[in-house]
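J.: Let's have the full structure, built from the sequences with the hints guiding it.
Protein chains in written order, with this note's numbering: chain A, 294 to 406; chain B, 505 to 622.
Treat the hints as calculated values from the structure; they're not laboratory data. Computed from a prediction, not measured in an experiment: that's the story for all the values here. The C-beta atom is built at its ideal place from N, Cα and C for all residues, glycine as well. Be a bit skeptical, because a hint or two may be false.
[To be verified] Simulated restraints on C-beta separations:
| hint | chain 1 | residue 1 | chain 2 | residue 2 | range |
| --- | --- | --- | --- | --- | --- |
| 1 | A | P301 | B | E563 | 25 to 33 Å |
| 2 | A | H388 | B | H511 | 26 to 34 Å |
| 3 | B | K570 | A | P333 | 40 to 48 Å |
| 4 | B | P512 | A | A338 | 17 to 25 Å |
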Amino acid sequence: QQQVKQSPQSLIVQKGGISIINCAYENTAFDYFPWYQQFPGKGPALLIAIRPDVSEKKEGRFTISFNKSAKQFSLHIMDSQPGDSATYFCAAYTHTGGFKTIFGAGTRLFVKA
Amino acid sequence: GAVVSQHPSRVICKSGTSVKIECRSLDFQATTMFWYRQFPKQSLMLMATSNEGSKATYEQGVEKDKFLINHASLTLSTLTVTSAHPEDSSFYICSARATSGGGNGELFFGEGSRLTVL
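T.: Have a look at this one:
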């Protein structure tokens, strides 16, 4: 019940295309859903995050879509660029759960020039 | 965003020695820090939750005597890998949650420490 399932495991997108990464969760107590971007040899960096009372959040080229009833959320990267090539992790936590963050398995994105 | 500094970024040690990794929150106070371990091409595995002034809470399967965590101040947590062995070789990452100013409690990560045990 603590798992966050992420797909696909890897993704290849043409430059300018849309990258879509999906996540699903079981624990309805989760109340915050961040996405992290990680480059090789570096720590993860917060990209964008959403609360479950919002269906969509957009920041620049990055959009989170959230479906509370389906317990699913996704990251859309518009106009994908080679510099977006990285590993992306979805995550979830509860404010009442000590902020212990549960990570998805990660998606390795490669944007072809 | 908030800055978390982790040191050293890379360390190579001989089997049987101990290695200390520091995690500092540079521009905010963090009563809670987290230590993760990441194997190549895998996700982050939470090892322990470090609370300032109290004992760390370890996840199931993590040896507390092997991975000593100390959180002596609101800006510093340390992870000591004791009697390191080659199987302890991994990428260790710390994160900290800002405690002041409300907000969503986002985690800010250090740059990670690559440990290689020969």
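J.: Between A:H388 and B:H511, does the C-beta distance stay in 26 to 34 Å?
T.: Hint holds: Cβ distance 30 Å, inside 26 to 34 Å.
J.: With 17 to 25 Å as the target window, see if B:P512 and A:A338 comply at their CB atoms.
T.: holds, 20 Å
J.: So does A:P301 sit 25 to 33 Å from B:E563, Cβ to Cβ?
T.: holds, 27 Å
J.: Indicate whether the distance between the beta carbons of B:K570 and A:P333 respects the range 40 to 48 Å.
T.: violated, 27 Å
The structure does not agree with numbered hint 3 stated previously, though it agrees with all others.
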